[in-house]
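All chains should be built: construct the whole structure from the sequences, respecting the hints.
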Amino acid sequence: MPGHVDSEEVLKIEDLRKWYPLRRGFFETLLSRDELNVKAVDGISFTVRKGEVLALAGESGSGKTTTGKVLLRLVKPTSGSIFFQGKDITKLSEKELKPLRREMQIVFQDPFESLNPRMTIKEIVAEPIRVQHASANEAELEEMVKKALSDVEVVPPEEFLYRFPHELSGGQRQRVAVARAFVLGPSFIVADEPVSMLDVSIRAEILNLMVDLVKKSSASIIYITHDIALAKHISDRIGVMYLGKMMEMGGSQTIVDLPLHPYTQALIAAVPVPDPESKRTQNVISGEIPSPVFPPSGCRFHTRCPYAHTRCTKEEPALVEVEKDHYVACHLYT
Amino acid sequence: MTANSTVLSVQDLSAYYYTLNGWVRAAESVTFDVEMGQAMGLAGESGCGKTTVAMSLLKILPRGGRIRKGKIIFDGEDLVPLSENEMRKRRWKGISIVFQGAMSAFNPVYKVGDQIAEAIKTHESGVSKADVEERIAKLLETVGIEPSRADNYPHEFSGGMRQRALIAMALAANPKMLIADEPGTALDVIVQAQTLKLLRDLKDRLGLSMIMISHDLSIIAETCEKVAIMYAGRIVEYGDAVSIFKNPMHPYTQGLIKAFPSIKGERVRLTSIPGTPPDLIHPPPACRFNPRCPYVMDICKKIDPQLVEHGEKNHLAACHLY
Ligand SMILES: Nc1ncnc2c1ncn2[C@@H]1O[C@H](COP(=O)(O)OP(=O)(O)OP(=O)(O)O)[C@@H](O)[C@H]1O
Ligand SMILES: Nc1ncnc2c1ncn2[C@@H]1O[C@H](COP(=O)(O)OP(=O)(O)OP(=O)(O)O)[C@@H](O)[C@H]1O
Ligand code: SF4
Ligand SMILES: [Mg+2]
Ligand SMILES: [Mg+2]
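Sequence lines, in order, name chains A and E. All letters in the first sequence, in the order written, are residues 1 to 334 by the working numbering. All letters in the second sequence, in the order written, are residues 1 to 322 by the working numbering.
Rather than coming from a laboratory, the hints here were simulated on the basis of the structure. This one's a predicted model, so the numbers in the text were calculated from it and none came from an experiment. Please note that a few of the clues may not be correct.
Covered, in the sense of this in silico footprint (three residues per stretch, anywhere, with C-beta under 8 angstroms from a C-beta of chain E), are these stretches of chain A [unchecked claim]:
(1) 154 to 166
(2) 204 to 214
(3) 245 to 259
(4) 283 to 295
(5) 315 to 329
Note that beta-carbon positions come from the ideal geometry of N, C-alpha and C, so glycine has one too.
Given below as C-alpha cells:
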C-alpha cells in the first residue's frame, strides 16, 4: 500500500470511499428496493509527503475531484480514514475542523467560476483571513492581502485591491485565486484544473507559480488534471485513477516513460504530441468509461483492456508495490 | 499561390467587430490556402481570432461583425461579394462547420435524429422520408454511432457521442470542406483522441479538405499537413507542418511550441510567453507581437513585417529577424 509509514507525511488516506446515493423516481424505487449508489471513489489509499507535488490523472468521471473534496473533508466520506498531520480527521465536526482549514486549501483553476463577481479583489483574498480571524486589525489584514498579491505577481497590489474580477485578465484572475489559497500559508493544497484551459501560456505561468510557492514553504499539493503530459513535468509523483480506483502510482518520470498498467498505457497513448512526424494516435482504446453505479466486476478496466483474461473479470487486483515506490493494480503483475 | 489543387484561397481577409469602444480588429489581412484533401491547422491563443476567421469563411459573423476587405476564393469563386441567398446554397454543401462547444450545440428538446433530418432537409428540398432516414443511419454509421441511437435526446449521449453526432450533422450535405473549431477541447484525452482519429479517417475516406482550429498545437501536429499560426488577428507564420514544428521562425511560434511540454524526454520547467495578449481595438503598432517579443528591435514598432518566405520553401514568417 502506498501509505507506508513516513514521518514526513502530511496526509494519509486509507480505503477511502465516497458513494453518492442515486436519486431515483418514485416508480423506479417501487420496481427495485436495492439502494443504488454512484461509487465515485471506491476504496483508495495513499499518502502525500511533505513538500511534494502529487498529480491525480484519469479520464473524466474517474473520481479525481471527489477524492480532492473528500480528503479536505469538504464532503463526508462514506467509509475509510483520513489522517492529516498524523491526526485522524475522518469524523471531526465542522467546528473541530475549523482550525485545520487554515492549513488546507482548494484552488479551482477556473478563472470564470471560482471568483465571486460581486466581491473586490481585496475581499476575495481576505475571505479566509476573516473566517479564521487571522489578522489583529484591518491594517494587518490589508498587509496580508497585499503580500499575497505580490507573491503571485499581481503588482503593484494597491492597484488591484478595489477592482472586481471582470476588470482583470484571465491570467490575473487565476493568480488571485492562487493568492487566496496561499494567503494563510497552508501546508496542503488541492488544485483542480478544468478540462479546457484555452491558454497554455497562462496555464504554464500559474503552475510554475504554484509549484514555486509550494516548494518555498515546503507545503504539499495535489494537482488534479487530465493532462498527464503536463503532470510529468510539474509533479513528483502521479496517481492514475479509473472509476473510483487507483490503478497505478509512482514517480512521474517512471509512470509516463514506463507505465505498467494497461490503463495508464492507454491514457499516455492518447496524448497528442506536438510533432507532426511522430506517431499519429492510431491505437486509441475504444469505448467510454462505464457507469460508476454498476462498475465492471473484477478489474474495473477489464471491459476495455486489451490484455484482459478470465481472472480479470472475477477477481479485483490489489494495488501492490511492484518495484520501489511504484504501485500497480493489475493481474499482469501478480 | 493558387495551384490546381487549391480548394480554398483566403487572400488579405480582414474582419472586424463594431463595438461601442471602437472596431475590434479580430482578423487582419489573413492569407492562406487549403489544398484538396488536406488539413490546414489554425492555431493560436484564446482570443486571437480563429473563430472569427472560420465564421468569415461561411459569412456567418455575429451582429457587429463585418468582413472589411479581402477575398475568399472557394472552388474558383470569390464568396465575399455573394448575397446571403447565394451563400445559403454554398454553406454546408461547399463548406461546413463543426462549431466550438459541442455540449451546447444541440437543441435539448429534439431527438438527435430529427435534428440531423432538419439539416438534410434544409439543404435539399424534396427528399423522401425514407431517403432521409437512410441518410441519417448512414451518417451516424460514418461517425461510429449505432444508427438506432437516432431516437435518443442529446442528454442521453455522452460528450464524445455528441461531438460525433455534430460531425455527422456537418456532413449532412456532403461538403467539400469541413471546418472543425476546437474539436475535442472540452473532452478528455481518450475521447479527444477518438474524435481526432475519426476526423482523420473521414478526411481520408471522403477526401475532405479540412480546417482544424485549436489552441492546442499537439492536436494540430497530429492532424494537419499545413499550419497557420495566428497572433492578435494576424497570421504570423504559415507553411508545412513538419517545417514549422521543426524549425519555428517567428518568436511567437517558438514560445507557443515551448509552452507545450512534450510527454517524451526529460522533465523540464514549463515556459510561458511573458506579457498579456493585446487589446484588439488598439493593437500595438507594426508587429503586433512587439511588446512581448524577446528579440524586439526598433523596426518592429515602425514597419509591419510581411508574411513571406525566408529561404525555406513553403514556410512563411512575418518577422523582421529574417
Ligand atoms: N454530488 C454528486 N452526486 C452524485 N454523483 C456525483 C456527485 N459528484 C460527482 N459524482 C459522480 O461521481 C463520479 C466521479 O466524479 P468526479 O467529479 O470526482 O470525477 P473527475 O475525475 O473529477 O472528473 P472530471 O475530470 O470530469 O472533473 C462521476 O460519475 C460523477 O458523475
Ligand atoms: N461579437 C463580438 N463582438 C466584439 N468582439 C468580439 C466578438 N466576438 C469575438 N470578439 C473579439 O474578437 C477577438 C477574436 O475572437 P475569436 O472568438 O475569433 O477568438 P478565438 O481565437 O476563436 O478564441 P478562442 O480560442 O477563445 O475560441 C477577441 O478579442 C474577441 O474578444
Ligand atoms: S487486471 Fe486484467 S483487465 Fe485489469 S488492467 Fe490488468 S490485464 Fe487488464
Ligand atoms: Mg473533476
Ligand atoms: Mg474560438
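Quiz prompt | Ascending list of hint numbers which this structure does not respect | solution = 1 and 5
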